Amino acid sequence: MATRNVAMREAIRRALREEMQRDEAVFVMGEEVAHWQGTHRVTRGFLEEFGERRVRDTPISEMAIGGLAVGAAMAGLRPVAEFMTINFAFLALDAIANHAAKVRYFFDGMFKVPLVYRAASGWGNQATASHSHAPEPIFAHFPGIYVGCPANALDAYGMLKAAIRDDNPVLFTESIALYPKPSPMPDDLGEDYLLPIGKGDIKREGGDVTLVAYARGVDWALQAARLLARDGVEAEVVDLRWLRPLDMALVYQSFKKTNRCVIVEESLPMYSFGSEIAALLQEHMFDYMDAPIKRVAAEDVPLPYSKEIELLALPNAQKVAAAVKEIV
Amino acid sequence: MAEPTKDMLLEWYRQMVLIREFEETCHQLYEEKRITGVYLHLYSGHEASGVGSMAALRKSDHVITAYRDHGIALILGMDANAVMAEMMGKETGSSGGKGGSMHLASRQHNFWGGYAIVGGHLPLAAGIALEARYRGKDDVTMTYVGDGATNNGYFHEALNMSAIWDLPVIWIIENNGYGMGTEVARASGQTELHRKAEAYGIRSFGRVDAQNALEVYAVACQAVDYARRHGPAVIEHITYRYRGHGVSDKQYDARADMSAELKEWRASREPITILRDSIESRHGAEAVAEILARHEADARRIVAESVAFAEASALPNSYQALMRNTYVASDLVHKTAQSVGAGIE
Ligand SMILES: Cc1ncc(C[n+]2csc(CCOP(=O)(O)OP(=O)(O)O)c2C)c(N)n1
Ligand SMILES: [Mg+2]
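Protein chains in written order, with this note's numbering: chain A, 1 to 328; chain B, 1 to 345.
Next comes chain A alone, as it looks inside the complex (with noise of 0.2 Å):
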């Protein structure tokens, strides 16, 4: 079967196009989604093939984006809602904590809330502190809601279309560092390649410690095992693609072989991404400790313009290398 190289913007775009194509309840809306062919070309063409009915351009309100998204879902239909910038999801939040992740629950199953929110995320290239938020965590925290963070392109056409056809919400992040970033796709994955939702995935194997990231963490996890392989050091790197559902059974399976760990994220490092996973790896491997578990994260502070203080506040793979080298 032919591979290629394909841009991660590219897979998602052809996922989605696929399940419109596949499913007429299947829907976009968004900030810009139709005319505009999308603030990151992801549904760039979709008007002209779908049309207006099915590729609708919002207004500035995402409190209603947010909320329009669950009751059409309730109704029946599919809606794939855009926020422009997962920044501009806080705005929704509410909608998006309690009303897609609870209608279900709240009416006791009466009600199911088939939708997928996608959502640019991440910082970098000087946005600036409101628009450089990558806070996955805060919308994984909710019970009802699932959500995926791909770190490559044939992860993300997997992940979305599972997304897409399960009955239940998911909010779906696109790092928007990882949008131009081409990786091997194959060219017939046939219509129904769908990575299961929750399922984590090892992106590279190593003895000697394990590196547990998603989404952009995963590339600087990799370069970083790449750097610890010249001196030496095996890392594994286990990305879990999800935050909800957690695939722990992935890391646990690592951390008996390895018995060290440092989690890697790109978002901030308070009540994040990096504290449930040392929590839970220190509460049920604890026998298998051999190193207290290291977290590699941003800077605990909002991110500035000014481009050498944002990058000193950002994780990298050099970071990560450091944090490996005091543990092993």
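Some hints here could point you the wrong way.
Heads up, simulated BS3-like pairs for lysine-lysine below, C-alpha to C-alpha not over 30 Å straight-line [unchecked claim]:
| id | chain 1 | residue 1 | chain 2 | residue 2 |
| --- | --- | --- | --- | --- |
| 1 | A | Lys-181 | B | Lys-33 |
| 2 | A | Lys-307 | B | Lys-250 |
| 3 | A | Lys-319 | B | Lys-335 |
| 4 | A | Lys-112 | A | Lys-102 |
| 5 | B | Lys-33 | A | Lys-319 |
| 6 | B | Lys-33 | B | Lys-250 |
| 7 | A | Lys-181 | B | Lys-250 |
| 8 | A | Lys-307 | B | Lys-33 |
| 9 | A | Lys-181 | A | Lys-203 |
Keep in mind that the hints were calculated from the coordinates and are not lab data.
All values derive from a computational prediction rather than experimental measurement.
Using the hints provided, position chain B with the ligands relative to the given structure of chain A.
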């Protein structure tokens, strides 16, 4: 009241050519990667909207806006050097390089800042106006908001509260026809945007041709006077973006209808030309030629100097600079590594 003196008109001309020179220079610098980042929203084309309306204010009044804030900063008299240094993220920038293009502000000028979340600054405006009302001062808060932002919940909640609490805000809706790529009529059920404010009981001063600084000024004077004495007022400024939404906007290359529209606005509704024509017809072209030319030359000089100043300034690069001002340093806070780090001076 609303008949501007010759000096005022000349001052407006000075402000408008300075803004245009500054904005076009920013555009150029971005193309040359001397200004970096992803967001840069220019005020070119909007000049008369800000200049005419802020001329109705006095020094103790307040101003707040969104991310399209360079022009507002310059009108208020912020130092072009500090503004340009902020564009480049330099230590000498008005926000120490932390804010960039979208976050200019100046305490000294009662400029409460530019804000990047659409609509997010509107309740802040109401809060600033509340302080004046609360303390019995008659200062007003002039608040600029885009057409697209009128569809956001923030707009409706903030305007409604300004109405029930009689807050002295002048809500200026800068209707430039688009929020990013979305025409007003595709985003708003009510296309006369000032009527949305009217629905909350806010006094509307209607729509104004905001390419004409004199018309803007005349209406702003009435609205400011009303707000000082009674409560919130709204004005809808009809204007246009000469440099698109921001530096990422490629629509004008792709869409012939939009580029034709832009050309038309530049040709027949150029705010600087319109002001110049008014000055010349009132005060004689020859009589003002020299001073207008001087303002143009000054604008070029001031902006060129600001670029040199900004480029000669240092980028902040220390951990202290990164962490500083996350919090107020305070004796009331238990000292932990974290609280000390974030308050570092
Ligand atoms: C809550 C929120 N949603 C979306 C955006 C992205 N965005 C930035 S500016 C903008 C358009 C705003 O248009 P308008 O209010 O008309 O102001 P203009 O840019 O025309 O001055 C959008 C959608 C944002 N910054 N904040
Ligand atoms: Mg607009």
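Against the structure, the hints:
1. Lys-181/A with Lys-33/B: Satisfied, since the Cα-Cα distance of roughly 22 Å is no more than 30 Å.
2. Lys-307/A with Lys-250/B: Answer holds: Lys-307/A to Lys-250/B is near 25 Å, not above 30 Å.
3. Lys-319/A with Lys-335/B: The given pair, whose Cα atoms are some 27 Å apart, holds under the 30 Å limit.
4. Lys-112/A with Lys-102/A: holds (10 Å)
5. Lys-33/B with Lys-319/A: Satisfied, since the Cα-Cα distance of roughly 28 Å is no more than 30 Å.
6. Lys-33/B with Lys-250/B: holds (17 Å)
7. Lys-181/A with Lys-250/B: holds (22 Å)
8. Lys-307/A with Lys-33/B: holds (13 Å)
9. Lys-181/A with Lys-203/A: Satisfied, since the Cα-Cα distance of roughly 16 Å is no more than 30 Å.
Violation of the numbered hints given earlier is absent; every hint is satisfied by the structure.
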